[in-house]
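Peer 1: Here's the letter readout for the chains.
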Amino acid sequence: MSYELIAVGASWGGLHAFGTLLAALPDEVDAAIVLAQHRGPGSVRGTLESLLQQHVARPVSEPDDKEPIERAHVYVAPADYHLLVDRGRFALTTDERVQYARPSVDVLFESVATAYRERAIGIVLTGANADGAAGLAAIKERGGVAIVQDPASAARRQMPDAALAATVADAVLPLEEIPRFLYGLCCEAP
Amino acid sequence: MGADPLTDAHGWRSGSLDDLEALEIELLLEGIHRRYGFDFREYAPASLRRRVRRRMDGEKVETISALQDLILHDPAVMERLLLDLSINVTAMFRDPGFYAAFRALVVPQLRTYPFARIWVAGCSTGEEVYSLAILLAEEGLADRVRVYATDINQAVLEQARLGVFPLDKMQEYTQNYIKAGGTRAFSEYYVARYDGAQFARSLVDNVVFAQHNLATDAAFNEFHAIVCRNVMIYFDKSLQEHVHRLFHESLATFGVLALGQKETIRFSPHEESYEVLDEHEKLYRKVR
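Chains as they are written, first to last, in our numbering: chain A, 1 to 190; chain B, 1 to 288.
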């Protein structure tokens with residue numbers, strides 16, 4: 001199966017988790033990667049992206065509305081918008097917060113499920129609320145792969161726990177083992 | 001040779017549920033256009049789909065086709081969907097850096113005109129209009145600048161005209177106002193009334209609220225500044241290009257176009273007609 005997009009969601013503890021995951025990700029995993037990290041509206045534009053860029057060779061950026069989605073690129077959802085995907089491009093909205101969050105992981109994941117179906121991978125990491133659970137279930141329902149960080153190893157376990165309650169994950173893994181699992185999905189023959 | 005997953009028990013090829021949903025949305029938008037004249041066919045699909053699904057929940061129907069049935073036969077349902085599609089959530093002094101840049105870069109230019117016009121296109125519930133009105137008043141421009149606030153939806157315009165915003169937002173708005181370079185106490189501009197903050201009527205003495213449809217209506221005046229922030233994100237590329245042409249036509253030379261934080265004029269039809277005033281805050285000046 002050729003996976004085109006990996007969508008990752010986190011809240012509390014997400015910066016460290018994303019950094020760890022990206023730093024260990026083999027170059028051969030060249031799907032587009034889209035990160036939704038809960039951020040306050042005052043979050044300075046570009047801070048999260050530049051912090052992550054320090055860990056990672058592949059380009060990290062905050063997409064503009066309608067920007068094309070490119071393989072081997074890492075995209076970070078901007079603060080105070082919901083990030084969606086649609087026909088190969090990003091779409092932004094300023095709709096109401098979902099579970100107090102904007103960007104919302106559910107909003108991203110649900111659009112990824114619809115747009116990419118069985119070519120999508122969704123990953124829920126550490127976080128202190130239930131955002132992402134419904135979205136991960138949607139990805140799984142459309143034939144995509146659902147990965148959840150092992151709650152016991154997460155900085156905050158609420159988000160992974162909620163995800164596991166909402167859907168049957170294809171893998172429940174400590175952070176360090178997720179890159180290897182992705183490599184297996186994307187680059188090894190079945 | 002395995003069974004074709006797209007062929008069902010009857011031997012018919014059918015697409016996925018998402019293909020079906022996409023078809024239903026297309027039919028819904030066509031129905032709305034023909035019945036009511038509103039054209040949402042070039043709205044961005046992802047955000048449109050979210051709002052249609054929300055309306056489905058609101059009307060308690062299970063399918064878009066069921067929603068279409070209600071919409072075509074009951075104008076009140078159309079009214080509710082219109083509200084869903086035209087209210088863009090925003091905040092007073094959202095992106096305070098933008099207002100600070102407007103103060104620093106656009107206001108000095110506005111001062112050079114004996115009389116100036118600003119168009120707030122897609123003003124929705126009016127938060128941006130009142131923010132601009134406050135800024136202009138503080139800069140001593142209130143009686144030399146007329147603001148035209150337009151929106152597709154008459155009901156929403158009425159709400160904007162009233163100038164009542166939720167009281168529980170005032171703390172957030174006060175912080176924004178301060179960061180935007182506000183020179184007074186924010187609370188001077190409103191009076192608490194039940195759950196609402198009623199903003200001073202004098203702020204809109206020089207504001208014209210009028211209905212205007214960016215997709216279908218023509219240019220109606222020439223402006224020294226056009227503010228359209230986080231409105232075009234709800235349009236698809238084709239409609240965005242149409243609106244950019246409209247804005248270019250409606251701007252005086254050296255007039256300023258102001259977009260939302262994650263919007264850009266790059267790749268738009270008139271990209272070469274503007275110089276960048278502030279790339280970070282999305283302020284562009286028309287030069288040709």
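Derived by calculation from the structure, the hints in this document are not laboratory data.
These numbers were taken from a predicted model, which means no experiment stands behind them.
Just to be clear, a hint being listed does not mean it is correct.
[Unchecked claim] Distance condition first, Cα-Cα at most 16 Å in a straight line; then the derived EDC-like pairs of lysine to aspartate or glutamate:
| hint | chain 1 | residue 1 | chain 2 | residue 2 |
| --- | --- | --- | --- | --- |
| 1 | B | K237 | B | E271 |
| 2 | B | K179 | B | E281 |
| 3 | B | K237 | B | E42 |
| 4 | B | K237 | A | D64 |
| 5 | B | K60 | B | E42 |
| 6 | B | K237 | A | E67 |
| 7 | B | K286 | B | E222 |
| 8 | B | K237 | A | D27 |
| 9 | B | K169 | B | D195 |
| 10 | B | K286 | B | E249 |
| 11 | B | K286 | B | E271 |
| 12 | B | K169 | A | E96 |
Peer 1: Would you mind marking each hint as holding or not holding in the structure?
Peer 2: Quick rundown of the hints versus the structure:
1. For the suggested pair B/K237 and B/E271, the alpha carbons sit about 14 Å apart, so the restraint of at most 16 Å is met.
2. Our distance criterion of 16 Å between C-alpha atoms is met by B/K179 and B/E281, whose separation comes to about 14 Å.
3. Proposed proximity of B/K237 and B/E42 is supported: the alpha carbons are some 8 Å apart, at most 16 Å.
4. With a C-alpha separation of about 13 Å, the suggested pair B/K237 and A/D64 falls inside the 16 Å cut-off, and the hint holds.
5. Between the alpha carbons of B/K60 and B/E42 the distance comes to roughly 26 Å, so the proposed pair goes past 16 Å and is violated.
6. Restraint check: the Cα-Cα separation between B/K237 and A/E67 comes to about 11 Å, which is no more than 16 Å; the hinted pair holds.
7. Restraint check for B/K286 and B/E222: the C-alpha separation of about 12 Å stays at or below 16 Å, so the hint holds.
8. Note on B/K237 and A/D27: the hinted pairing is violated, with a Cα-Cα distance of about 33 Å set against a maximum of 16 Å.
9. Restraint check for B/K169 and B/D195: the C-alpha separation of about 10 Å stays at or below 16 Å, so the hint holds.
10. Between B/K286 and B/E249 the alpha-carbon distance is near 10 Å, which keeps this suggested pair within the 16 Å criterion.
11. Distance check on the hinted pair: B/K286 and B/E271 sit about 9 Å apart at the alpha-carbon level, within 16 Å; holds.
12. Only pairs whose Cα atoms come within 16 Å are accepted, and B/K169 paired with A/E96 is accepted, the gap being roughly 14 Å.
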